[in-house]
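Undergrad: Take a look at the letters that make up each chain.
There are 2 protein chains.
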Amino acid sequence: MKLIIADSLNKFYIKELYKIEKKLSLLLKGKKPDSLYDACRYSLESGGKRLRPMLVLLSAKAVGGNCNQVYHAALAVELLHTFTLVHDDIMDNSPKRRGKETVYKKFDNNTAILAGDSLAALAFETLLKDCNKKSKEVISSFTKGLITVCEGQGLDKEFELKEEVSLKQYKEMIYKKTAALMEMCCNISALLCNAKKIHIDFITGFGKNLGMAFQIQDDLLDIIGQENEFGKVIGCDLIEGKKTFLLIKAMNKADAEEKKALLKLIRSKGIERSEVGFYLKLYSDLGIIKDAKKEIIRYTDLALSNLNKLPETEGRNLLVALAKSLVVRSK
Amino acid sequence: MKLIIADSLNKFYIKELYKIEKKLSLLLKGKKPDSLYDACRYSLESGGKRLRPMLVLLSAKAVGGNCNQVYHAALAVELLHTFTLVHDDIMDNSPKRRGKETVYKKFDNNTAILAGDSLAALAFETLLKDCNKKSKEVISSFTKGLITVCEGQGLDKEFELKEEVSLKQYKEMIYKKTAALMEMCCNISALLCNAKKIHIDFITGFGKNLGMAFQIQDDLLDIIGQENEFGKVIGCDLIEGKKTFLLIKAMNKADAEEKKALLKLIRSKGIERSEVGFYLKLYSDLGIIKDAKKEIIRYTDLALSNLNKLPETEGRNLLVALAKSLVVRSK
Chain A
-18 MKLIIADSLN KFYIKELYKI EKKLSLLLKG KKPDSLYDAC RYSLESGGKR
32 LRPMLVLLSA KAVGGNCNQV YHAALAVELL HTFTLVHDDI MDNSPKRRGK
82 ETVYKKFDNN TAILAGDSLA ALAFETLLKD CNKKSKEVIS SFTKGLITVC
132 EGQGLDKEFE LKEEVSLKQY KEMIYKKTAA LMEMCCNISA LLCNAKKIHI
182 DFITGFGKNL GMAFQIQDDL LDIIGQENEF GKVIGCDLIE GKKTFLLIKA
232 MNKADAEEKK ALLKLIRSKG IERSEVGFYL KLYSDLGIIK DAKKEIIRYT
282 DLALSNLNKL PETEGRNLLV ALAKSLVVRS K
Chain B
-18 MKLIIADSLN KFYIKELYKI EKKLSLLLKG KKPDSLYDAC RYSLESGGKR
32 LRPMLVLLSA KAVGGNCNQV YHAALAVELL HTFTLVHDDI MDNSPKRRGK
82 ETVYKKFDNN TAILAGDSLA ALAFETLLKD CNKKSKEVIS SFTKGLITVC
132 EGQGLDKEFE LKEEVSLKQY KEMIYKKTAA LMEMCCNISA LLCNAKKIHI
182 DFITGFGKNL GMAFQIQDDL LDIIGQENEF GKVIGCDLIE GKKTFLLIKA
232 MNKADAEEKK ALLKLIRSKG IERSEVGFYL KLYSDLGIIK DAKKEIIRYT
282 DLALSNLNKL PETEGRNLLV ALAKSLVVRS K
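Chains A and B are the protein sequences, given in the same order. With this note's numbering, the residue at position 50 of the first sequence is 31, and numbering never jumps. With this note's numbering, the residue at position 185 of the second sequence is 166, and numbering never jumps.
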């Protein structure tokens, strides 16, 4: 059974990914001025997973709607997500994303700022095409997602300057920076499909918890993922001194000696590549990897328990498969 | 009669300015994280004219509505306008605005990028509070305004790299960068007041033409304005080599010798302060100042002829006074 579900998810994903890529590339075709839209077009040719559009499409199916009711919304959330990446890359000084130069590196800072702004605006324009009676609710939810993402990025940048961040503060940050947008994807999709209030709540709860699991998994992948052809390096977050779930959990569990080593990493805002091994061993000694896996499973279970309250449909089964596939993903 | 109208405009402006300032300051009160919202709050304490909110309020009155129907919209357009200023100041490397440090100077680039993003998002959130049945049309118009402003800024940056810009290209740029937003202010206000289609068209045409006049006046003020306590310097645009109405018109009218001097300014991307006098004399010899004044009056007349098609109301009279006061403003 599991395999069949995974198989049909795969089929759905491939089919819809093709459509989404095509629609995204048509969206900005021929738009002028090139000095602005070339950077927008470049940012959208990312080769990303398009996870957020998929959440929109599948949520529609899971609440009894269909993909055609929410295609523009699916594109809109990808535009909004891309906007956040373009601006975050400037702020984080990240030269590469998925093996490609980031927008500000490929073009320049000014172009990246303006391209990001335009992507956000285009996201609203695109979303409006799917809106009808519920426009106000849908746009409100979308806007709330955008505001929350900005606050999340603000907190993330604040944490860079802080020595100690509590697990509660960390969770607030990843909720705002990552989970709120995934929550919104499910929410607007259900709103657009005119789902029952209670079903909207379930699918929204699913998106939120999936987002939390997704981000902690992302933190974990930094140290258990595979180094790959795109130049991904194990322990990047350690090298950059990022306040991840792992680091915060380690700070909580460390004895005096271990805490000293962790504080050294935090105070010097990261470590040398040669020191990564030492910290990986420390994480492992403290059982941090196990803790992260447990937390990911906890949030995934919460997500699934929300889903299970919906009537069983093909859409719901596909979302279950999607949630499970995210837990075992390696990138 | 003229004086009475100007007087009542003055009364209206003072009363409403106070309310707008108060509402703007309440809007972000207590919002966290401070690292983000302090910069937003700072950017809104600008001491600006709040021209765009006034356009929203007066347009409502001019189409038979009232201010209470559009207060949030008035705040929303100021938030949106402020967002564009915050990002433009980064792109233009402007250290000061109205005598105060710009946001990126006072804080830093990253904070200014994120504060700008948040202001744009908050603009949508605030606008939604005035939306009811026509949300889709209102948000569409607002979004179109935002996209157009981004394109305008893109064109403006493109022009910095171009040797020759035609008057037609210049007008497209200022329409997009300045007039489209003022057009939108009038448009959403009339939509929110459920005005007749034909009245919406008239008030929108008014806003567009007023915006064109406003921007050319802005170009003109750079060389005929008064140096003031805020450190405003006559001929800033010349010093920075900006492609203004004056420079483009001068290029069109110059003989071979004069053109050489203008090309020198363009190619060296501006001039020394000591050279300003030479170019002011050149503009004056070519009759450029007269040309600019004529163009400003032409657009103002177009704006007023749109207004005159509306039924006479207090709101319409106040807008007439506002348009006339903008033509004679000195800052």
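The hints are simulated quantities; they were obtained by calculation from the structure and are not laboratory data. Treat the hints with caution; some may be incorrect.
No copy is singled out in the list; a pair is fine if it fits within one copy or between any two copies.
Unchecked claim - Below, a list of computed lysine-lysine pairs in the DSS-like style, where the Cα atoms sit at most 25 Å apart: (1) Lys305 x Lys87; (2) Lys152 x Lys12; (3) Lys262 x Lys234; (4) Lys305 x Lys245; (5) Lys177 x Lys115; (6) Lys12 x Lys138; (7) Lys223 x Lys13; (8) Lys275 x Lys13; (9) Lys10 x Lys114; (10) Lys125 x Lys110; (11) Lys138 x Lys240.
Undergrad: Compare the structure with each hint and give your call.
TA: Comparing the hints with the structure gives:
Proximity of Lys305 and Lys87 under a CA criterion of 25 Å is satisfied in neither setting, with 36 Å inside one chain copy and 47 Å between copies. With identical chains, the CA atoms of Lys152 and Lys12 are at most 25 Å apart between copies only, with a shortest distance of 19 Å across copies and 40 Å within one. Within a single copy, Lys262 and Lys234 get their C-alpha atoms as close as 14 Å, which meets the 25 Å cut-off; across copies the closest is 75 Å, which misses it. Taking the closest pair of Cα atoms, Lys305 and Lys245 never come within 25 Å of each other, the shortest separation being 37 Å inside a single copy and 65 Å across copies.
Taking identical chains as interchangeable, the C-alpha atoms of Lys177 and Lys115 lie at most 25 Å apart whether they share a chain (13 Å) or sit on different chains (24 Å). Taking the shortest Cα distances, Lys12 and Lys138 sit within 25 Å of each other only across copies (17 Å), while inside one copy they are farther apart (34 Å). Only between protomers do Lys223 and Lys13 lie at most 25 Å apart by alpha-carbon distance; the minimum there is 22 Å, versus 39 Å within a single protomer. Proximity of Lys275 to Lys13 under the C-alpha cut-off of 25 Å is found in neither arrangement, the shortest distances being 49 Å within a copy and 31 Å between copies.
In this assembly of identical chains, Lys10 and Lys114 lie within 25 Å of each other by CA distance neither inside one copy nor across copies; the values are 29 Å within and 32 Å between. For a Cα distance limit of 25 Å, the shortest separation of Lys125 from Lys110 qualifies both inside one copy, at 19 Å, and across copies, at 13 Å. Taking the closest pair of Cα atoms, Lys138 and Lys240 come within 25 Å of each other only inside a single copy of the chain (23 Å); across copies the shortest separation is 50 Å, beyond that limit.
In the structure shown, a violation is registered for the earlier hints numbered 1, 4, 8, 9, in ascending order.
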